[in-house]
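A.B. asks: Read off the chains here:
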Amino acid sequence: MRVTQNSIVEQYQFNLQRLQEQITRTNLHLSSGKAFLSPSEAPLRAVDVKHVETRINQNRRFKTNIEKAITELDIYEFALENFSTNLRKARSIVETAVDPVNYDKPTVLGEQIRRILDDLLEIANYQHNGRFLFAGTRTTEDSITPTPPEATKLPFELLQDPAAVSADNPEGLRIAFKGNFQARSVLISANIQERINTLANDAFGTNGTKVFEILVEIYNVLTYKRDGTARGERDFLDTTDARKLQALADQLSDHLDQLHNEIGRVGGVRIRLETQLKQITYENTRLNELKSIRGDADVAQEAINLTRFQTSLNYTLRIGARLFQTTLFDFL
Amino acid sequence: MPFFPSLEIGKRALLAQQLGLDTTSNNVANVNTPGYSRRRIELVETEPVKLAAGTIGTGVRAGRIVRLQHEFFDKEIRNSIATKKYNETHIFTFQRLEAILGEGSDTGLDRYIQRFFDALNDLALEPESLQRREAVLSTATSMINAFRTTGQKIRVLREDIKSKAETRVATINKLLEQIASLNAKIGIESIEGTGATAPLEDQRTKLLEQLAEYLNIDVRYDNNNMVNIAVSGSTILTGPNAHTLELKETIDSATQERTLALNIVDTQGNAILQLHPAAGEIASLLEHYNVLLDDKDSSNGFSIAKQLNRLVEALVARINAISVTGYGLDDTGTAPPGRNFFDPAGTTLETIALDAAIASSPRDIPTSSAAGEPGNNAVALQMADVINDENFLDNTTLMDFYTNLIGKLGLAGQNAKLGFDTAKAVESQMITQREAMAGVNLDEEAVQLVKFQKAYQAAARIVSVANELLDTLVRLGQ
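Protein chains in written order, with the numbering used here: chain Z, 18 to 349; chain R, 11 to 488.
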């Protein structure tokens, strides 16, 4: 091929420019730590990284939801266990009462039942993060509207309702439930929700009040005679009272079974969520690795490239200094 | 037959070799002149004379000065320039778009969308929380601002492109005038046979290469060495007559789509013919204005502006469709208040907005499926789940739709880069090959210089000898 002064320069400049571009790009990869600086540099890798990022973010949201759900389930488990403990105490008191040797202690035991009833109501009105646990979706005081004679903005209220006064219930004691039975759920996966709250009827029986009504009935049997008058010191229980109390104790046992079922359900959900949390955490670890593989600069490779390009540049520049050799004119 | 032929032969040789020396000197002088094609003198033996003894030569004359050039290389270089410039302009626009979309940084549009859905997700966990509600409004506002800024920047980029195209068309018209003018001069020189067209042709070659930066031109030579230029089959210059080109914007009355067209216009400025350049800067600019950045594009090409508007429209529609079924913290009654989250009128990048009622009252964000249930997160959950919906748009999720857009943009950018690199390499190769044929080699010119110098010295010697002979003859008669 015929060589001219301009063709030498043209080729030289083309190669020099290309080398400098490669060095600049490699430097940017090294300084930014990224395998590519814009999607157009490596569109397929950029799309891969974005897809992985989307999945990581999605998992991160589900992880947040599950962690919060587990915390809340812990609270429910704690509250329900606490409720169960108190309820077992109440059953024990009733079992004590039906023992003929204790027929003479109904009022003392009645007072104990009343205290337990108050404790159980306190548990039923538990709040976590300012939200009532067992009120369904009426989780705040603002959403609870008491209807007289109800007086509090709590979901469960033990009130003395004149309309409820009878020989069996001389004080007119009644449990008012002002919440609802709506589920509260969280997203644990795309389009999949998990209920995290315990509904009042699952925890406390029919209408969310059944267990309290049983306790009120027990209290009334222990505190009042069948004619509705208060028991005096000498007003012992009789076998009819004992049979009734036994029947109520059986109901408490049935309810305890229901309560344990609910505790089991909560525990089951918790375990399931913990398993899923582990899976998500593991998946995100792998996804982050994948993101790094596809999106981060291979520092060793880039460093080798840089050395290679710099060596080439050094030689190219040396050649540049000798680009114009002597010509025939120098000898004429 | 001259009185003394050797003297005449010597004179002719002196003149011819002198011209050879001059041509070589000119080559050496222009060794670094861009676009210069080396010249060679063609020496021709003059008409011989018949004598009784036979035929005798009468010396040499300079036939013509040849400009060493080949149209094949010129054509390939012009094509490479047009392709290179087309792709270079593509790269420039794609890079600006990537910057506008925040790609390659941590401020991409997708981050704002993610943050908005993060906040919706958190709200679904605690729908009673005013802080969570404020966070939703805050992230929604950030996302809206990002959408709007993106829309504005895309619109400004489109206007920049229009302005750039107008400037380029003015340059094209100037170039066409200059080429037509050179054509006229070359035509006259060719007819008169003066042989002085080489510098003009070099100049024209340069102008044609400049023109190729803007348009894919097809150049044909006529009998008088003038060029005719066509763009995608439509003639824009014939010999000394250049057409005027003009950019014209039309607005579709039904869709309000604005389209730019490159037309040949008459002296009154009326469009005669629309040009459809396939390469060169103008082709790229028109594609970007009419398709890539046109939010009302009807060509079914890849329009990032239109696709982003579709994303916004779908987002507004989906969130609002859920939002109207829900209740805020203070809502009462059995029927939902039908409150939108986004202003339903704002369905484009630049018009998306929060619904005025929601914007001023976070308590009104519909999260519940029933009135008076602050802990009810059914509606909030549905809204938060929109980001996971696999049928959000074009049978894909919101984020995947956006990622695919970025992927398409990246691929287009990568193709442009590959096209640019290839065209640049071809151009460089063609220039090298043209240089190999038409460029100046100083060693070669030195040889030529010596050759003509020696021939000149020899011719001078012939004249000197003839002179001596003539002297001898003259003295014979004394």
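Warning: the hint list may mix true and false statements.
Stated by the list, open to error - As a list, the in silico DMTMM-like pairs of lysine to aspartate or glutamate whose alpha-carbon atoms are at most 25 Å apart: (1) Z:K308 to R:E211; (2) Z:K51 to Z:E27; (3) R:K216 to Z:D121; (4) R:K427 to Z:E27; (5) Z:K308 to R:E400; (6) Z:K195 to R:D395; (7) Z:K295 to R:D395; (8) R:K434 to Z:E38; (9) R:K418 to Z:E27; (10) Z:K308 to R:D307; (11) R:K464 to Z:D347; (12) R:K418 to R:D307; (13) Z:K242 to Z:D121; (14) R:K418 to Z:E58; (15) Z:K195 to R:E144; (16) R:K427 to Z:D313; (17) R:K427 to Z:E58; (18) R:K427 to Z:D65; (19) R:K418 to Z:D65; (20) Z:K51 to R:D212; (21) R:K434 to R:D276; (22) Z:K51 to R:D341; (23) Z:K80 to R:D395; (24) Z:K80 to R:E144; (25) Z:K80 to R:D212; (26) Z:K85 to R:D128; (27) R:K163 to Z:E58.
Unchecked claim - Covered, in the sense of this in silico footprint (three residues per stretch, anywhere, with C-beta under 8 Å from a C-beta of chain R), are these stretches of chain Z: (28) 80-88; (29) 91-101; (30) 110-116; (31) 191-205; (32) 216-230; (33) 338-347.
It should be emphasised that the hints constitute simulated quantities derived from the structure, not laboratory data.
Quick reminder that beta carbons are idealized off the backbone N, C-alpha and C, glycines included.
A.B. asks: Confirm or reject each hint.
C.D. replies: Status of the hints after comparison with the structure:
In summary, the hint linking Z:K308 to R:E211 is not supported, as the alpha carbons are separated by about 58 Å, beyond the 25 Å threshold. The straight-line distance between the Cα atoms of Z:K51 and Z:E27 is roughly 33 Å, outside the 25 Å bound, and the hint therefore fails. At most 25 Å may separate the alpha-carbon atoms for a hinted pair to count; R:K216 and Z:D121 exceed this at roughly 122 Å. Of the supplied pair hints, the one linking R:K427 and Z:E27 holds, its CA atoms being roughly 21 Å apart against a limit of 25 Å.
Annotation: proposed proximity of Z:K308 to R:E400 holds, straight-line Cα distance about 22 Å (limit 25 Å). Among the hinted pairs, Z:K195 with R:D395 is inconsistent with the structure: their alpha-carbon atoms are about 30 Å apart, more than 25 Å. Taken as a hint, the Z:K295 and R:D395 pair is honoured in the structure, with Cα atoms around 22 Å apart against an allowance of 25 Å. Restraint check: the Cα-Cα separation between R:K434 and Z:E38 comes to about 14 Å, which is no more than 25 Å; the hinted pair holds.
Of the pairs offered as hints, the one joining R:K418 and Z:E27 is violated, with about 35 Å between alpha carbons and a cut-off of 25 Å exceeded. For the suggested pair Z:K308 and R:D307, the alpha carbons sit about 35 Å apart, so the restraint of at most 25 Å is broken. Under the criterion of a C-alpha separation no larger than 25 Å, the hint pairing R:K464 with Z:D347 is consistent with the structure, at around 18 Å. For a cut-off of 25 Å, the pair hint linking R:K418 to R:D307 stands: about 17 Å separates their Cα positions.
Distance restraint check for Z:K242 and Z:D121: the Cα-Cα separation of roughly 13 Å lies within the 25 Å cut-off, and the hinted pair is therefore satisfied. For the proposed pair R:K418 and Z:E58, the alpha carbon gap of about 12 Å is at most 25 Å, so the pair holds. Proximity of Z:K195 to R:E144 is assessed by CA-CA distance (about 29 Å); at most 25 Å being required, the pair is judged violated. For the hint linking R:K427 to Z:D313, the alpha-carbon distance of about 22 Å falls within 25 Å, and the restraint holds.
Straight-line distance between C-alpha atoms of R:K427 and Z:E58 comes to about 9 Å, which keeps the hinted pair within the 25 Å bound. Between R:K427 and Z:D65 the CA atoms are separated by roughly 20 Å; this keeps the pair inside 25 Å, and the hint holds. With a C-alpha separation of about 13 Å, the suggested pair R:K418 and Z:D65 falls inside the 25 Å cut-off, and the hint holds. For a cut-off of 25 Å, the pair hint linking Z:K51 to R:D212 is broken: about 48 Å separates their Cα positions.
A hinted pair counts as satisfied when its Cα atoms are at most 25 Å apart, and R:K434 with R:D276 does not qualify at roughly 36 Å. Distance hint between Z:K51 and R:D341 is unfulfilled; the C-alpha atoms sit about 50 Å from each other, more than 25 Å. For the given pair, Z:K80 sits about 14 Å from R:D395 by alpha-carbon distance, which is consistent with the 25 Å threshold. Of the pairs offered as hints, the one joining Z:K80 and R:E144 holds, with about 22 Å between alpha carbons and a cut-off of 25 Å not exceeded.
Of the pairs offered as hints, the one joining Z:K80 and R:D212 is violated, with about 71 Å between alpha carbons and a cut-off of 25 Å exceeded. Only pairs whose Cα atoms come within 25 Å are accepted, and Z:K85 paired with R:D128 is accepted, the gap being roughly 14 Å. For the suggested pair R:K163 and Z:E58, the alpha carbons sit about 22 Å apart, so the restraint of at most 25 Å is met. Only when three residues or more bring their CB closer than 8 Å to a CB of chain R does the claim for the segment 80-88 of chain Z stand; here the count is 3, and the claim holds.
Note: the segment 91-101 of chain Z has 0 residues with beta-carbon separation from chain R under 8 Å; the three-residue rule is not met and the coverage is violated. Residues of the segment 110-116 of chain Z lying with their CB closer than 8 Å to a CB of chain R number 0, which falls below the three-residue condition for coverage. Counting residues of the segment 191-205 of chain Z whose beta carbon lies closer than 8 Å to any beta carbon of chain R gives 6, which meets the minimum of three for the stated coverage. Counting residues of the segment 216-230 of chain Z whose CB lies closer than 8 Å to any CB of chain R gives 0, so the stated coverage by that chain is violated, three being the minimum.
A count of 3 residues in the segment 338-347 of chain Z with a Cβ less than 8 Å from any Cβ of chain R is obtained; the coverage claim is therefore met, three being the minimum.
Of the numbered hints stated above, those contradicted by the structure are hints 1, 2, 3, 6, 9, 10, 15, 20, 21, 22, 25, 29, 30, 32, listed in ascending order.
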